[in-house]
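The chain contents come next:
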Amino acid sequence: MNPMSSSLRGLAWKETRQVVPLVIMLLGVAVLLFVLWSTMSAAQTMANFGHYIPLVLPALFAAGVGAILVGQEKENRTMDWCSSLPISPSLIVLVKLAVAIIGLLVMWVCCALIGSLAGNSRLPGHEAGVANSLYWFTHSIFILCCGFYTAWRMKNTFASLIVLIPLAALPYLATSIYYSLFMTGRHVSLQESAWLLTLASAIGIIVMAWMGYRAGIRDLSPARPELEATGPGHWLAAWRPAHSLPVPETPFRYPLSSLIWQSIHHNRMTLTLLILAMLSGAFAFGYMAVSSQSSDEFGMVMVCTFVAGAIATSWLGVFVFHGDGSASRLRFLADRGVSPTRAWIGRHLIGLSAIAVAMIAFLISSFLTLRNPADNRVDVVPSMAMVGAGLWVIYAVSQATSQWIRILAASAFIAPILSGVALYWLGAAAISSNAPFWLLAVCCLLPMLATWLMMRRFMDNSAKWPIWACGVVTTVLFLVLPILPFAIDVASFPGITPSARASLAANSKKLSSTGNAQPMMRASVPLEYLQQTQHKTDINLTELVASQRFLPEDYLEIGDIAPDDTGVLRASNPDNRRPLRADRYILSRSIEFANYFRYLVTQNPEDSDAVESLGKWIDALTEIAVRLRRSDRWYDQHAADNVEIWLTQTLSRQDLMELRSRDFSQRAIAVLADQAGRSAARRRAVLLSWRREMDPPPMEHDRAKDLDMFGGFRENDWFLWYPQEKVHWIQDRLLDRLCVAALQLIDAAENGQDTLPMRRELHELMDDPSIPFANSWYGERLQPRGVSYGNQFWNSPAVRWYRDWENQAKELASSSESEEP
Amino acid sequence: MFFTVDPSNGVAIYAQIVRQIKFAIAEQTLRPGQLLPSVRQLATQLAVNPNTVARAYLELQSDGITETLRGRGVVVCKGALDRCRKQRKSIIAGRVESVLTEALQGGLTADEIRGIVEQQLGSLADSMSKTSSPPD
Amino acid sequence: MTSVITAEQLTMRFRGCDALRGVDFTIEPGSVFALLGENGAGKTTMIRIMTGFQKPTSGQCTVCGLDPTRHPLEVRRRVGYVSDSPALYDWMSVGEIGWFTASFFPKGFLEYYRESIRRYEIPEDRKIRHLSKGQRAKVALSLALAHDPELLILDEPTSGLDPMVRRDFLESMIDRAASGRTVFLSSHQISEVERVADTIAILHEGKLRIVAPLNELKQSMTELTVSLDDPLVAIPTIDTPAEVMCDELLGRQRRLVVRDFTPEMHTKLASATGVTGVSERPLSLEEIFIACTKGSLSRPASAPESADETPQETAMEAAS
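The listed protein sequences derive, respectively, from chains F, E and L. FYI, the numbering for the first sequence is 480 to 1300, going by our numbering. FYI, the numbering for the second sequence is 2 to 137, going by our numbering. FYI, the numbering for the third sequence is 7 to 326, going by our numbering.
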């Protein structure tokens, strides 16, 4: 067997086995994020975060793989053992790099899979097309090479991760320098910048890969003897901090003091840096949250400081159980009989006091900013307690993560993400699910409780399974508890029985839709046309206005209906009477014009022109009403009601009695009197609207308009008194009940029974609970007398069914019959 | 056949091995014609350097106690018994000499030494006669 | 025959300390070479130079005829190296790590390794992190020996192991020596070293105090106990060719450890005025080592100061 290939195989197998835990952990995090994201229903969340989630996998992998493959081996000293074997260093370095890149490709494939599962497989900045995807891909490889370089160069894994962050931003830096040097004042398209960034990343890959390779070879070669220059005689030595202070005479009086001392002095530099970052982040947040300017450079600096502060808080939490707090080091305390609780408190005190100081920093900063009168104010200023709570959540979740995940590199990356998710989750629960405050407080305490409970096992470094199980349980509780009251509330919300639902479904299936495409009525107004062509001053406005006839054929285009020779709008093919979609504006204009002619007629009943015009309008409106009734949409029925109400009122007028014998009136009355037809149309509309909502047909281009409409009504205006998140879950049930009540109303009215109970039901469903029945639209008192154009009114279904006007309409029919000779 | 070596009792390890083999032959635990363990085996058994064992075997061979047979290994010579007994006597004589030197240097007179020797011989000879018979 | 290891004026300077100050030695094939020294004397540094992990500040070193800094891979192919508490991949099982290592060596590695593991009765499917310390050391030893190296380098391999495991290591060392291979051993278990070493080297403060075959060394070292009339009596100095390694005074007796002490010197000393008796005693290797490195067999390490003053002055101080 070729020795080269066998050693390749052995090395590749080893590196792959070492990379696998990272892959699994990242997949777990991605799955968790995906699950959370898919249960969040609000459209805003999808837009904001959805397309970042698939990016999590490759980005984290690229950043962490260097630390895992190189840093960990250095820490465990297995690198020493491995290099004592006859393997050439370049083979080791190259195999590690190759396995990492292959792993990255696998991650990209998984990311694409998850993206396609989510239905949102587009990366941020997807408008730039191919260049964008290429950019993200090359940038991830660049981060991977940087990660390797820092891991080979630096001894401390954590430091190598921190140094990685500015390195990873290099392509951006290069591109912005390039822009500011060569391209000031020019508009740069998104695509161009994507290509430029890709180019910068590609160059970066080559440079970093080469440097990483060199660093790796140098690390694995024989160590060079240190130069004389760094000996004790070197001038730098005078600047180095003196040796540690002499040990004081007496020990601390309280054991906790010793633990605090240990926490501080274990790694003074890191602790100082983290706390400084946290404080400046809190300070920056105080500025940001109070003044609303965030777009200038100062604002950007503030934002970056704030983000750095948040991450620093998270890393403070991570350090609780790593470093001196790791299980092996805590053994020192465990061997001496220190109680787990005391050790636990000792690890936490520094972080908690840092949080307290950060809260004060925030307070000072927001106070100082508020004193400056020049800044714009925001409406809501977060309180100190809120900032403290936010910091607490970040810290608590991070410290729990650090106890559960024992690899420092992975912990350092996953903890900020998990704390961010936790913050978001709690915030969302509070806002959209109305979670009670005490429940959120309990959730905040959960991670601390979990680590405290598991402290003894952690210190004894016994089996890891209980800690993992505890972690899973805590996560589940943390995710479930805030939404538990909400879930119970939603689950217990009354709907209709399954049998009722089944009958609804069955009934609706019997009906056939008259087709989706329903032509809109369009009103063309010459005056509006004039507005668009205003520059033509040769048109005489007065003549134009004077020439307006305000007749239906001038204003209405109703799909296939055209005015016939007599000017009456009729369908070209009476057998194929397509339904109409209501447009409130057009209807109101039409009724206004009809009113105008009605007024003319009532003023002067002898004006035959006016009468004819009125007749044309009555015909047009009758046709409109008939066509509206044929529609599947409930809203169109509502519009038809309004039209018919106008017609009823007009034809019932005493001063228009003579017109009742005219043919247009007769046609109208025939339509008006057909109660059975009305009821059938209503029933049909209710069932089909329900069916369409529950079982939407495949998307067509005009369906886009119907997304938030139930039968044409704007659902988003309904049920506004429920919390926003709740509506999404119970909407189906509410609509079921609405349909059932409406159908019952129709049935009762047909059978001559009292419609009051159904109307009460409808009132309960559709009206704000603060409005009593007497004051609601479904009651008796507030029926408008004529046509109503109010917003609220038009959005309330079944409001005018089977009211007095219908009886009036029937009377019209009977009286006209009786009038007929 | 069991041997022991004590690296720190002042006598070279190879000398200890030689002595023990000679005593073993003298006591007839090792008979003429018997195969001795190989260098490697003995070194592993005693946990000593094989060179040391090799040196011991070399000395035995030059003393004529053992000889190497091709294909078989190291065997005890026929006339080894007498030689070993003689050498045992001389070894014992050497040890007696060192005891006497120590006694004389310590200040005991020759008569006192003789008295001690008689006394010890007497008590020991009684117990020894009960346990073993002098070899022929 | 060409030497297996040579070192010429090896110097190694670290920040703040000189680990090696001009070390020379030569090791012949087929021998067991033991390097003794206190903790921090520079033994590990020297081994790291020999295995190509560290470049010396100055000086030359060859292992199996090759320069380890220039041809580290070749050297490692011919050498088996077991370090003190070796860091093996503890997520691999015993069999897996053998298979993994076998891919870098010629054919035959895996069978030899398996045979060795079977002899030590270690289950092949157990993960290394679940092995005891002794089993782990045996695995490391098997890995180092499976390619039949000319030279086996052991850096304190049995520290902290039970006597059974130490015996196993001893036996494999003896086995290698018996097959004509070379063993380089650095150890604190002086009693074991005493049994198994051919040549001894004692490293003290960066310099090799002694490099000699074990027998010669033991024969050349004597402990003299001189009984005196009076503590303040001066005894005749002991000159070259003999060398006084250490010297101490307690009451009326003076104890010296001398190298290459001749019988003439003995009589001369015994007949000196004020000397009531001189007795000699051969030394164990441990005592030789302590004498070479501390300068005193019983006194604690205030040796650097007392090297300047003679025992008479110390006695006068004690008396006053």
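Since the hints were derived computationally from the structure, they do not count as laboratory data. One thing to keep in mind: the hints can contain errors.
Here are the simulated lysine to any residue pairs, SDA-like style, with alpha carbons at most 25 Å apart [to be verified]: (1) F:LYS943 <-> L:ASP96; (2) F:LYS553 <-> L:THR75; (3) L:LYS274 <-> E:SER9; (4) L:LYS113 <-> L:LYS139; (5) L:LYS133 <-> L:GLY71; (6) L:LYS300 <-> E:SER9; (7) F:LYS943 <-> F:ILE566; (8) L:LYS61 <-> F:ILE566; (9) F:LYS1289 <-> F:GLY1156; (10) L:LYS213 <-> L:GLU14; (11) L:LYS61 <-> F:PRO565; (12) L:LYS61 <-> F:ARG693; (13) L:LYS300 <-> L:LYS61; (14) L:LYS133 <-> F:CYS561; (15) L:LYS61 <-> F:LEU573; (16) L:LYS133 <-> F:TRP492.
Which hint numbers does the structure go against, in order from smallest to largest? 3, 4, 5, 7 and 13
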